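Let chain A serve as the given structure and place chain B on it in line with the hints.
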Amino acid sequence: MDRPEERRDERGGGPTRRQLLAGGLGLVGAVAAAGGLDRALRQLGREDLVPGEPPSLELTPRAWRRSSDRLSFAVLGDNGSGGRQAMAVATRMARSYAQSPFGLVVLLGDICYYGPIAARFQDVFVAPLRPLIEAGVSFELAVGNHDGGLFGGDPRLVEVDNTLALLGTPARYYATTRGPVDFFHLDSVGLVRGIDGGRVDRVAAQQLDWLDRSLARATSRWRVVCSHHPVHSSGLHGPTAALVDVLEPLLVQHGVDLFLAGHDHHYERTVPIGGVTHVVSGAGCKVTPVHPRRSTVAAASTLQFMRIDVDDEWLDARAVGADGRILDRFSLRPRSSA
Amino acid sequence: MTRRWPDLGVLVLSLLHPLVVVAPALVVAAAADRGAVPDAEGGMLLVASSVIGGAHGTATWVRLRRQPGQGLELRSAVIASVHGLVVLALMATLLLFVTLGAYPPSAVVVVDRGWPVLVPWIGAQVLAVVLSEATRSTLVTWLE
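Taken in order, these protein sequences are the chains called A and B. So the first sequence is numbered by the working numbering: it starts at 1 and just counts up by one. So the second sequence is numbered by the working numbering: it starts at 1001 and just counts up by one.
Bear in mind the hints are in silico, worked out from the structure with no lab data behind them. Worth double-checking, as some hints may not be accurate.
Label-pair restraints from in silico Cβ distances [unchecked claim]:
1) A:D38 x B:G1054: 41 to 51 Å
2) A:S67 x B:V1051: 29 to 39 Å
3) A:R46 x B:L1008: 29 to 39 Å
4) A:L21 x B:R1063: 15 to 25 Å
5) A:G14 x B:W1142: 14 to 24 Å
6) B:T1141 x A:D323: 17 to 27 Å
7) A:G35 x B:T1138: 38 to 48 Å
8) A:A205 x B:D1033: 39 to 49 Å
9) B:G1043 x A:A118: 28 to 38 Å
Example chain A residues on the side facing chain B (calculated, C-beta under 10 Å, incomplete) [claimed, not checked]:
10) G29
11) L41
12) G52
Computed from a predicted structure; not experimentally measured. Think of the CB as a built atom: it goes at the ideal place given N, C-alpha and C, for glycine as much as any other residue.
The following block holds chain A by itself, in its conformation from the complex (with noise of 0.2 Å):
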C-alpha cells in the first residue's frame, strides 16, 4: 500500500509542513533583506571603505610665502577614512601645494573614521597628509564628533594630542593669528552637548565666554570661527539648532567673516547671514547629499577641499573637486576695520 507521502506527490499535492513554514519564512526574509540590502547599499555607497595608495608627492619644504599681511590655507573636512576616496582628496592638496604654496591646513574635524584615533592615527592622518608634513606645513583643527576624547585628557591619545600640538593644534578650542587672520577653532561637539534649548551648561558656557571674548579683542583684520558642526547646512545633518541659537548671534554681533564647518559630507557656501558667510567644507572623503536652500549660493554633492588666499582687501577662496575642478569661487572683503 502506497505511503501518504507517496499518494500526495503522485497527485502533484500540496506542500508538506516544512515547506509551508520554510517557504513563508524564505517569503518574509526575501522582502526584509531587500530592505535591509537598500540600506546597507547606500550606506556602502556613503562611506570610503576601499584602501587607497597614499600620495607620494615630494613638496619644497616651507615653501609658502611668509607676511604679516598675507596668508595663504587649505581647509579639509571630514577626512579621516584612510580610504582611496580620502588619498585622492590629499593627492590633490599636495599638487595644490606644488603650484601654490600654503603654510597652513585648517581641519574641520573628523580626522578619524571606523575606529579609535589611537589606532587609526597613521592611516587615516599621517600617510594621507605625509607630504604637506614633511613640508611643514602647520594643521589647525577644530574636533569633531568622531575624534574620540583629543586633548581630554585620555592618556591612550597622549601621543596622538602631542603630535598634532606639534603640527599646530594646542587645545579642543583655542585661538591662533595667522598673518592677517584671526582664526577661532570651536569644540562644537562640546557646544552641541551643552546646549539645549535655551539652556546653556557650565562647560559650554565657559567656551561661549572665551569665544565672547576672544573676538572682543581680535585685531585683525580677518576673522574667521572654524568649527565641525554647521551653523547653517542644507545637508544631512542640516542645521544645528544649538548654534543658530546661540553661536549664530556672537558671529554677527563681533563681525565675524568667514564661518567654516564640516559634519555634512557636501560643499555648500550661503548668502552672508547677518554679514557672516557660512561655508560648509566636508567632502573631505565621503559624500552625501545636499538640497540647496534660499540662502544657498553654491552647493556640490562631490569630494573637494578649500584653497583660501587672503591678504588685507580681499579674501580669495576656490572649493577645489578631486579632480582639479573648480566647483566654486568667491570673493569677500574684511568687515572690520582694523
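Same frame as chain A, now just chain B:
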C-alpha cells in the same frame, strides 16, 4: 506525471544571484564616480564580483533545471534556493562592511603587506557564496 518549475522562474532566481553579488561593486564604483576619483581598481572589483556572481548564478540555474519531476523535490529546491539567495544578498554586502571597515581594518592590513584590495574583496564575496550554499543545502536536507 512530472512537473517542471517554470523556466522563467528558474531564470529569474538564477539571475538574481549574480546581481546581488555585483551590487556592492557597482555602488562603490558609483561613489568613486560621484567623487570624481580615478577608479582603475574599482573596475577590477566589478570584474571579480561578476565572475563570482556569474559562476554561482550559472550553478544555481543548472541545478534547478536538473531537478527531477517530483513536486516535493521541486518545491524544496526552490524554497531552499530562495533562502540561499537571501543569505547571499545580505552577506555579499555585510561581509564587505566587516572586511573593509572592521577594526583593525583587515583590508588595510592586507593592503599594507602588498596585497591588492582585491584579495579581501574576493575573500568576502566567496565566503558569502559558501554561506549561501551551506544554507541552501542544509535546508534541502531538512525539507526532504
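Here's how the hints hold up against the structure:
no.	hint	in the structure
1	A:D38 x B:G1054: 41 to 51 Å	violated, 23 Å
2	A:S67 x B:V1051: 29 to 39 Å	violated, 58 Å
3	A:R46 x B:L1008: 29 to 39 Å	holds, 36 Å
4	A:L21 x B:R1063: 15 to 25 Å	holds, 23 Å
5	A:G14 x B:W1142: 14 to 24 Å	holds, 18 Å
6	B:T1141 x A:D323: 17 to 27 Å	violated, 53 Å
7	A:G35 x B:T1138: 38 to 48 Å	violated, 25 Å
8	A:A205 x B:D1033: 39 to 49 Å	holds, 46 Å
9	B:G1043 x A:A118: 28 to 38 Å	holds, 35 Å
10	G29	holds, 5 Å
11	L41	holds, 5 Å
12	G52	holds, 8 Å
The structure is inconsistent with the numbered hints 1, 2, 6 and 7, although it conforms to all the rest.
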